[in-house]
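Peer 1: Can you build the whole structure from these sequences, using the hints too?
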Amino acid sequence: GQSLEQPSEVTAVEGAIVQINCTYQTSGFYGLSWYQQHDGGAPTFLSYNALDGLEETGRFSSFLSRSDSYGYLLLQELQMKDSASYFCALSGYSTLTFGKGTMLLVSP
Amino acid sequence: DAGVIQSPRHEVTEMGQEVTLRCKPISGHDYLFWYRQTMMRGLELLIYFNNNVPIDDSGMPEDRFSAKMPNASFSTLKIQPSEPRDSAVYFCASRRGQGGTATNEKLFFGSGTQLSVL
Numbered sequence: 001g002q003s004l005e006q007p008s009e010v011t012a013v014e015g016a017i018v019q020i021n022c023t024y025q026t027s028g029f030y031g032l033s034w035y036q037q038h039d040g041g042a043p044t045f046l047s048y049n050a051l052d053g054l055e056e057t058g059r060f061s062s063f064l065s066r067s068d069s070y071g072y073l074l075l076q077e078l079q080m081k082d083s084a085s086y087f088c089a090l091s092g093y094s095t096l097t098f099g100k101g102t103m104l105l106v107s108p
Numbered sequence: 109d110a111g112v113i114q115s116p117r118h119e120v121t122e123m124g125q126e127v128t129l130r131c132k133p134i135s136g137h138d139y140l141f142w143y144r145q146t147m148m149r150g151l152e153l154l155i156y157f158n159n160n161v162p163i164d165d166s167g168m169p170e171d172r173f174s175a176k177m178p179n180a181s182f183s184t185l186k187i188q189p190s191e192p193r194d195s196a197v198y199f200c201a202s203r204r205g206q207g208g209t210a211t212n213e214k215l216f217f218g219s220g221t222q223l224s225v226l
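Same order as they appear, the protein sequences are chains B and Y. Note that our numbering has the first sequence beginning at 1, numbered continuously upward. Note that our numbering has the second sequence beginning at 109, numbered continuously upward.
Bear in mind the hints are in silico, worked out from the structure with no lab data behind them. Keep in mind it's a predicted model, so treat the numbers as computed, not measured. If a hint is listed, it holds; no wrong ones were tucked in.
In silico DSS-like links for lysine-lysine, alpha-carbon gap of 30 Å or less:
#, chain 1, residue 1, chain 2, residue 2
1, B, K81, Y, K132
2, B, K100, Y, K132
3, B, K100, B, K81
4, Y, K214, Y, K176
5, Y, K132, Y, K186
6, B, K81, Y, K214
7, B, K100, Y, K176
8, B, K100, Y, K214
9, Y, K176, Y, K186
Simulated restraints, written as ranges between beta carbons of each label pair:
#, chain 1, residue 1, chain 2, residue 2, range
10, B, S69, Y, S115, 37 to 45 Å
11, Y, P192, B, G15, 42 to 50 Å
12, Y, R204, B, G1, 25 to 33 Å
13, B, E14, Y, P178, 44 to 52 Å
Listed next, the stretches of chain Y that the computed footprint assigns to chain B, with coverage defined by at least 3 CB atoms under 8 Å from CB atoms of chain B:
#, stretch
14, 155-165
15, 211-217
C-beta atoms are modelled at their ideal positions from N, C-alpha and C, and glycine is treated no differently.
Peer 2: Structure below.
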């Protein structure tokens with residue numbers, strides 16, 4: 001099977017940089033995705049790493065290292081609206097397996 | 109596009125009652141997924157369809173759960189009889205293509221149905 005581990009909670013202040021780590025175990029996968037979910041809302045796609053390395057999308061960047069079974073999401077210039085849960089997910093054959101999520105709390 | 113549409117938004121029912129959750133995927137998307145979200149277990153895949161055909165229902169917890177997709181624009185998830193442990197948020201999601209590449213990996217989620225079984 002597949003499993004993913006993320007910290008349950010991360011706190012940071014507005015304007016700061018925060019990194020949310022994700023380690024995984026799998027026998028095979030296509031890539032690692034990240035989703036954001038605000039309280040009471042639906043998960044929304046942020047980024048996808050099919051290859052090792054860094055992918056940048058505005059203030060958000062995502063990194064994957066297959067050799068280390070590790071990835072992270074980097075959020076820069078944090079804003080209050082970034083307070084949400086962030087999920088890493090393994091892309092398998094047609095399906096996604098999600099981690100339990102990391103709640104990010106951004107304070108003024 | 110209106111996005112993935114789910115109904116009802118909230119459902120409160122009593123143990124033993126039948127519950128039907130509905131989903132309209134984004135037009136042109138050929139994959140449809142049903143997920144359940146709880147604090148304890150996170151986001152769990154229940155079942156997914158490709159071109160209206162159920163492909164993998166190994167995540168369906170037990171025979172009380174069933175899902176159908178009679179056409180490309182409609183799917184239902186039914187629980188009969190419902191139990192308090194079924195209380196959760198149920199999400200429907202859709203995607204064009206199998207995924208695995210940067211161009212077709214993105215999964216689009218509906219707003220979810222908050223189910224409470226008393």
